[in-house]
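Start from the sequences, fold in the hints, and give me the full structure.
If you want the building blocks of each chain, they are given just below.
Number of protein chains: 2
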Amino acid sequence: MKSKTPRRTARKSPEDSKVAISLHQRILTDIQDRILSGEWAPGHRIPFEHELMRQYGCSRMTVSKVLTQLAGAKMIERRRKAGSFVSRPHSQSAVLEIPDIKTEVAALGLPYRFEVIGRHKRSSRTSDRELLDTRASIPLLELTCCHFAGRQPFCFEERLINLLAVPEAAQETFGEVAPGAWLLGRVPWTIAEHKIRATAVETAAAEALQLRAGKPCLTIERRTWSADQPVTFVRLTYPGNLHELVASFAPPEPPSAKRRR
Amino acid sequence: MKSKTPRRTARKSPEDSKVAISLHQRILTDIQDRILSGEWAPGHRIPFEHELMRQYGCSRMTVSKVLTQLAGAKMIERRRKAGSFVSRPHSQSAVLEIPDIKTEVAALGLPYRFEVIGRHKRSSRTSDRELLDTRASIPLLELTCCHFAGRQPFCFEERLINLLAVPEAAQETFGEVAPGAWLLGRVPWTIAEHKIRATAVETAAAEALQLRAGKPCLTIERRTWSADQPVTFVRLTYPGNLHELVASFAPPEPPSAKRRR
DNA sequence: CAGTGGTCTAGACCACGTA
DNA sequence: ACGTGGTCTAGACCACTGT
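Line by line, the protein sequences give chains A and B.
Heads up: the first sequence begins at 229 in our numbering, then just goes up one per residue.
Heads up: the second sequence begins at 229 in our numbering, then just goes up one per residue.
No lab work stands behind these hints, which were simulated from the structure alone.
A few of these clues could be false.
Since the list can't tell identical chains apart, any single copy or any two copies may satisfy a pair.
[Unchecked claim] Listed below are the simulated PhoX-like cross-link pairs for lysine-lysine, each with C-alpha atoms no more than 25 Å apart in a straight line: (1) K330 - K302; (2) K423 - K443; (3) K330 - K423; (4) K302 - K423.
Below is the structure:
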C-alpha cells in the first residue's frame with residue numbers, strides 16, 4: 229500500500245497526446261511568459277512552491293527544479309521564508325554587462341549629465357522597419373541625446389521607441405531620467421540583440437561628440453523586445469578612445485568560486 | 229522499517245565540519261576542475277550516473293542534477309545509452325559567439341587564406357605581464373598573421389602564446405592551421421575575457437590590412453586561461469566597415485522555443 | 001517560532017539509441 | 001534487447017529569516 233504510484237497519468241491522458249513536453253518545460257515557460265509579458269512585473273512574488281505543486285499537481289522537487297533554474301538565470305530571486313520574486317532586469321544585458329550610461333560614467337568618478345537634442349513623434353518609415361523588427365507602420369518616438377562625463381561628451385544616443393509598446397513615452401519629456409533608464413524602469417523584462425561595430429563618426433554624432441568626421445567610434449546597436457513585441461532600437465556612439473567593452477566568459481554557474489576575479 | 233534514513237550523516241560528520249558546501253557543488257566543481265584542467269579532454273566519457281552515485285554515495289537524482297546543469301552550460305553532452313561526454317569548447321566564447329576566423333569568412337561565401345607574417349620566441353617583458361596575466365618572466369611565442377577573405381585582408385592578428393602552457397607551440401610553424409584554430413584543438417577548455425574597442429588603425433596593422441593609418445577598426449582582445457594558467461593573448465583588428473559583432477541575449481535556457489529566430 | 005526555500009533520498013517508469 | 005539518460009514522486013531534514 230505504499231508504492232504503485234499512478235504517476236504521470238495526468239500528463240499521459242489522451243487529451244495532451246501531442247504535447248509531449250516535459251512538465252518542467254511547461255512550468256518554466258508558463259512562468260517565463262508571465263514575466264516577459266509583464267503580467268508579473270519585477271518585484272512580484274511568484275507563487276510559493278506549495279502553491280505551484282497544487283496548481284500543476286506535481287511534487288515539490290519538480291517545481292523547485294524550475295525555480296532553481298530561473299534563479300540561476302537571474303530572472304527571479306529567492307528568499308527563505310519570504311518567497312521568490314521577479315528580479316529587475318540587470319541593466320540591459322547580463323551577457324555583455326553594459327551598465328546604463330549613468331552608472332558607467334559614475335564608475336569613472338565623473339559627474340554625469342545628459343541633454344535631449346531632438347525629440348519628435350512620427351510614423352515608422354520602411355527604413356525603420358528592419359531596425360525595429362516590425363512589418364506594419366507604427367507610431368514612433370524618435371530621440372537623440374548626448375551623454376556627458378564631466379564636461380566631455382561621452383556618448384551619442386539615437387533612439388526609436390515603439391509607442392504601441394510604451395504609449396506613456398509620448399508624454400515623457402526625459403528631462404530628469406535618460407530614455408534608457410526610463411525604459412528600464414518601465415518595461416518589465418526584455419530580450420535584446422546587440423550589434424557592435426567600429427565606425428567613422430558622421431555628421432550628427434560628430435557634432436554632438438565634438439569630433440572631427442571620420443574619427444573612429446564604437447557603435448552599439450541594441451534592439452529590444454518585450455512580450456514578443458519590439459520595444460526600442462538604440463544606437464550608442466562612443467568616441468573610440470573613451471570606451472571599451474568587456475565580456476568575460478566562464479563555464480557554468482559557480483566556476484570554482486574565485487577562479488577569475 | 230522503511231523510513232528513518234540516516235541520510236547525510238556522512239556530510240555532517242565532524243571531519244567535514246567547516247566545508248558546509250552542498251554535495252551538488254562538490255560534484256560539480258570536481259567534474260569542472262577535471263574538464264578545465266584537461267584531465268578529461270573533449271570527447272572523454274564522464275562516469276555513468278550509476279558510477280558517480282557509488283563514488284559519492286548519493287542518489288541518482290543528485291548526480292543527475294549536476295550533469296543536467298553541466299549539459300545546460302554546454303560543457304558536456306549527454307547521449308542515451310552511450311553516456312555523457314566532455315564537449316569541445318564551442319569555438320572561443322559561447323557568449324559572444326565569435327566563430328573562428330575561417331568559419332567567419334566561410335560564412336561570407338569567400339575563400340579563406342591566412343599568412344604568418346612574424347613568428348619568434350622570446351621572454352615576456354613587463355609590458356606583456358598584464359596582457360597575459362602573469363607575474364614571472366615566461367617563455368613566449370609571438371605571432372603576427374593576416375587573414376584574408378578572398379583577395380581582401382580581413383583581419384590582422386597579434387598573438388602571444390605562453391610556452392609553459394603549450395610547449396608544443398614552439399615547434400609549430402602554423403603553415404596549415406591558423407594559431408587560433410590550432411590552439412582550439414589543443415587546449416582542452418578555457419576561460420576567456422574579451423575587450424572590444426574602436427581604434428584608429430596603426431602602422432603594422434594598417435600595412436597588413438592595406439588601410440590608411442587612422443581608419444576606424446574594431447579591435448578584439450582576448451585573454452585565455454586553462455587550468456588557471458594563462459594560455460594566450462590575442463588582438464584581432466578588423467577593418468571597421470567589414471566587421472560586426474552580434475550578441476543576442478535571451479533569458480534562460482529554452483525561452484519559449486522560437487521566441488526569437 | 002513558523003514557514004519558506006535548499007537539499008537530498010530511494011525508489012519508479014519511460015524513451016531512446018546502440019548493439 | 002538492454003542500459004543509459006530523462007523525468008518524476010512522496011516523502012525527509014535542515015537552515016535561514018521575517019514576524
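A quick look at each hint next to the structure:
1. K330 - K302: Cα proximity of K330 and K302: one copy only (22 Å, versus 35 Å across).
2. K423 - K443: both (19 Å within a copy, 20 Å between copies)
3. K330 - K423: Both, since 21 Å and 20 Å are each at most 25 Å.
4. K302 - K423: both (23 Å within a copy, 24 Å between copies)
When the structure is compared with the earlier hints, no violation turns up for any of them.
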